[in-house]
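J.: Chains as they are written, first to last, in our numbering: chain A, 1 to 490; chain B, 491 to 674.
These aren't lab readings, by the way, just hints derived from the structure by calculation.
There may be inaccurate statements among the hints.
Said to hold, decoys possible - Taking CB as the label site, the calculated pair distances span:
1. Lys563/B with Ile334/A: 37 to 45 Å
2. Ser660/B with Tyr314/A: 36 to 44 Å
3. Pro26/A with Lys563/B: 34 to 42 Å
4. Ala538/B with Ala295/A: 50 to 58 Å
5. Leu323/A with Arg622/B: 19 to 27 Å
6. Arg581/B with Ala295/A: 30 to 38 Å
All C-beta atoms in this analysis are idealised placements derived from N, C-alpha and C, irrespective of residue type, glycine included.
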Amino acid sequence: MSTVEDRIRAATQAAADTVTPGSVPPLRLPEGRDGARRQHRWPLRLDPRRWSGLLVPVAAAAAVAGVVAASLAISATFRGTARPAGPAGQSHPSPAQLRPAPLAQVPRYFAALSDRIQEQAQVAVVYSTLTGQVLATVTPPRPYQIFTWVSAAADDRTFVLAAQRYWPIASGQAGMPAENRDTTTPTVFFRMTFDPATHVARLARLAIPETTSRTHLAGMTLSPDGTRLALDLGQSIRVVTLATGAVRSWTWPGGGWIGNSKPMGQIFSWTADGTTLAFQQRNGGGEELSLAFLAAVAGTLAAVVLTVMLARRYVRVRRAHLLAWAIAAAAITIVLAAHVLGAYRSLAPGATNVRLLDTTAPGNSLASARIVHTFPNGGAFGTNTLLTPDGSRIVTATPQGITEFSTRTGQPIVSEDQFQFDWQRLGWAAGPPWQEVLWAGPGGHALVVFDPRGKPGRYGPGWVLGVLTGNTFTPVPHGTNDGTFLQLTW
Amino acid sequence: MGSNRTREPVQADVPDRRGPAREAVTGLYQAHALGLIRLGVVMLGDRAAAEDVVQEAFCGLFLHWARLTDPAKALPYLRSAVLNGCRSARRRQRSQHDRLALAAGPWQTAESAETSVLVGEEHRQVLAALHRLPPRQREALVLRFYLGLAEPEIAAFMGVSQGTVKSTTSRALAALGRLIREAP
């Protein structure tokens, strides 16, 4: 009996002998440098099943790329073409001489909460924008001690004030009833009507239920016609119809907060018709959510690798196909992650979205409010935003100066009044104090800003109130803030 | 002046190196194609696939002829190319068989009708068992008992050490014997 080795020799030789010398096909060498494989493989013996396994992941990757491209195209379509920011004069072609004086382009009177007592405002003061003079001063009716918020209607003489009980704790006064001194007592609201003829400001109590404490009330903004008051409760917005006391609420379903970053001006802004409310919505989370997102991506990739390994172990699949699948899956994961981070950066933790809420539309979720612009987390942004009364622009302060964004495209339209305070003059290493926009006129042609161009003090720049028109800053007389202004409204 | 320099046709100075390459590769084909196709048939059990592999090997040699410093290494290159091509073709065959879920063994399904007629039943059983071995074991046996190569040559072809060749061949023989005994 022959050995296994002999049987192998005989069998392989028998198999080899099936190829006779005269049956060798002629050699077909390629004419071109890369013609060999095509000449041989294509199209003579193409096995479609060999390529089908590769076509699927390639097609999947191509589909993802197509979706991303289409999404970007759609996004670009809706955003329009960005116009570079430039001097204000370029975007305001109207001749300056046809405009009224800068100070005359804003409401004639403004109100301020001032007179700090432990950071609380004891009085509300009505000022003249043209002269900066004090025209009237009111104090909260007893037993209320402080004003917490103030907001103006568009008629330049109607304001709403929020007031609260408060008792400053002086030396030896510890142990007083908490309801007399803390900030948990309910907020009450007063309408303040200023009479320019007599320079008298009168307060009238508003019939708003005392259900909101100052702790929960983050700000308020009166509608232009003075009939509705929007209250910021941190995670929700409540609009109260002053005549009837009717309340409508919208709630933010996620984390973070609702309001405005630095509302020395107003926490919200309305369109002139009183239908649309603009607000900032800052996403919650931060590093935790970012880590969770990265963990999700890493987990998905790990799952892909594990699936490939298991498939390789238990399923007979060509390694090239598996590799193609793995690459396609990883590419899809990475592309989707990048897409989410890029196109959907409004969802990113810590990002600040400027949203427009249609208060006439049904629904009670603030998630339905349209995003018109997103400031990324960690970006050079940290101030308030205002909607122009015509609803066409969002105005805010950025490192480029006062910048106006289109509410239609979300793109910057113009930047003006770039002012960089030299902190090093005061021995500080850094800290650019941006301007703050307090009021915006129609089309953003006239703005009231708080600007750090005043005479520097010992601890920082000198802040000056002024009107910005066509990149021209006109100070409000006596508008230098010596620290008495807590809140301002036009 | 530099600005008056005329641009010479670059291609005019490049000799046509394809002519000698074509002649050399054709000569090698005439001398070794039969043996390499036979090697491919033994490895794959499929005449058409073996011809494809050999054809690709010669095309590859032709395309890379300019980089071949020693013409004596052309044949080892071709053998390596054929063996590599057989591995790839074998993987394609295996996935094809898996998809078709054929009950028959690899050799029976892979061999052409002509080969099936010419190879006797006894040899077919051995070949079927040979093709059920892992690729490395199959290669080791074919190189050792069909081509009659010594262990250093096999090690060079397979890119492994001689010790690995010994152990692989030993395991392959044991496995092949077991498969032959288990065959109906």
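J.: Each hint needs a verdict: does it hold in this structure or not?
T.: Now for the hints, and whether the structure bears them out:
Taken as a hint, the range 37 to 45 Å holds for the pair Lys563/B and Ile334/A, whose Cβ atoms sit roughly 43 Å apart. For the pair Ser660/B and Tyr314/A, the beta carbons lie near 29 Å from each other, so the given range of 36 to 44 Å is not met. The beta-carbon spacing between Pro26/A and Lys563/B, approximately 25 Å, falls outside the hinted interval of 34 to 42 Å. Checked against the given bound of 50 to 58 Å, the beta carbons of Ala538/B and Ala295/A, roughly 52 Å apart, stay inside it.
The supplied range of 19 to 27 Å is met by Leu323/A and Arg622/B, whose beta-carbon atoms lie about 26 Å from each other. Distance hint for Arg581/B and Ala295/A: a CB-CB separation of about 37 Å, consistent with the stated range 30 to 38 Å.
Violation of the numbered hints given earlier is confined to hints 2 and 3; the remaining hints are satisfied by the structure.
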